[in-house]
Amino acid sequence: MLHLHSTIAIVLLLALVISIVITLSNYLGNKPYNRKIALLGFIASHIQLVVGLILFFYLKYPSMISGAVMKDPSLRFKIIEHPLTMIIAIVLITIGYSKAKKIENAKKANQTVLICFVIGLILMLARIPWSTWSLFA
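So in the numbering used here, spot 80 of the sequence shown is number 80, and the numbers just go up one at a time.
No lab work stands behind these hints: they were computed from the structure.
Idealized CB from N, CA, C, for every residue including glycine.
Hints should not be assumed to be uniformly reliable.
As the list claims (entries may be wrong) - With a straight-line Cα cutoff of 30 Å, these simulated DSBU-like cross-link-like pairs (lysine-lysine) come out:
#1 K101 with K36
#2 K108 with K60
#3 K107 with K31
#4 K60 with K107
#5 K101 with K31
#6 K78 with K60
#7 K71 with K60
#8 K36 with K102
Claimed, not checked - Distance ranges between label pairs, derived from CB positions:
#9 I103 with H3: 36 to 42 Å
#10 H3 with R127: 15 to 21 Å
#11 K99 with K31: 15 to 21 Å
#12 R76 with L14: 39 to 45 Å
With the hints as constraints, model all of the structure from the sequences given.
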């Protein structure tokens with residue numbers, strides 16, 4: 001399950017980068033908002049969220065949350081920082097996608113997706129456990 005979570009993370013990062021680059025191109029070129037491209041990042045993030053939550057509860061992390069976890073940087077990262085930051089990032093991506101659907105001005109819709117997706121991507125990159133990926137280990 002952990003391997004699946006890591007594999008989907010790569011797909012998610014690629015989907016977000018593709019969504020951001022195309023949306024930026026549309027924004028700078030005054031092109032129409034492409035909802036399908038934003039949907040790519042939106043769907044990938046939600047698939048990753050579901051797999052991550054299954055993994056989180058499968059490993060019984062909620063029962064491990066205690067004061068001792070906060071004292072151990074490695075456990076705090078796995079049990080508190082990583083899941084919480086990822087959920088915040090996915091909430092931002094969801095907000096950006098949902099708000100942009102309702103905006104009729106293409107430039108404003110592209111801007112909304114761009115801001116929310118970029119902040120979400122930055123948060124994700126900040127809390128990915130890079131040491132567990134074989135490519136970076």
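Going through the numbered hints above, which ones does this structure break? Give me the numbers in ascending order. As far as the earlier hints go, 2, 4, 12 are violated by this structure, in ascending order.
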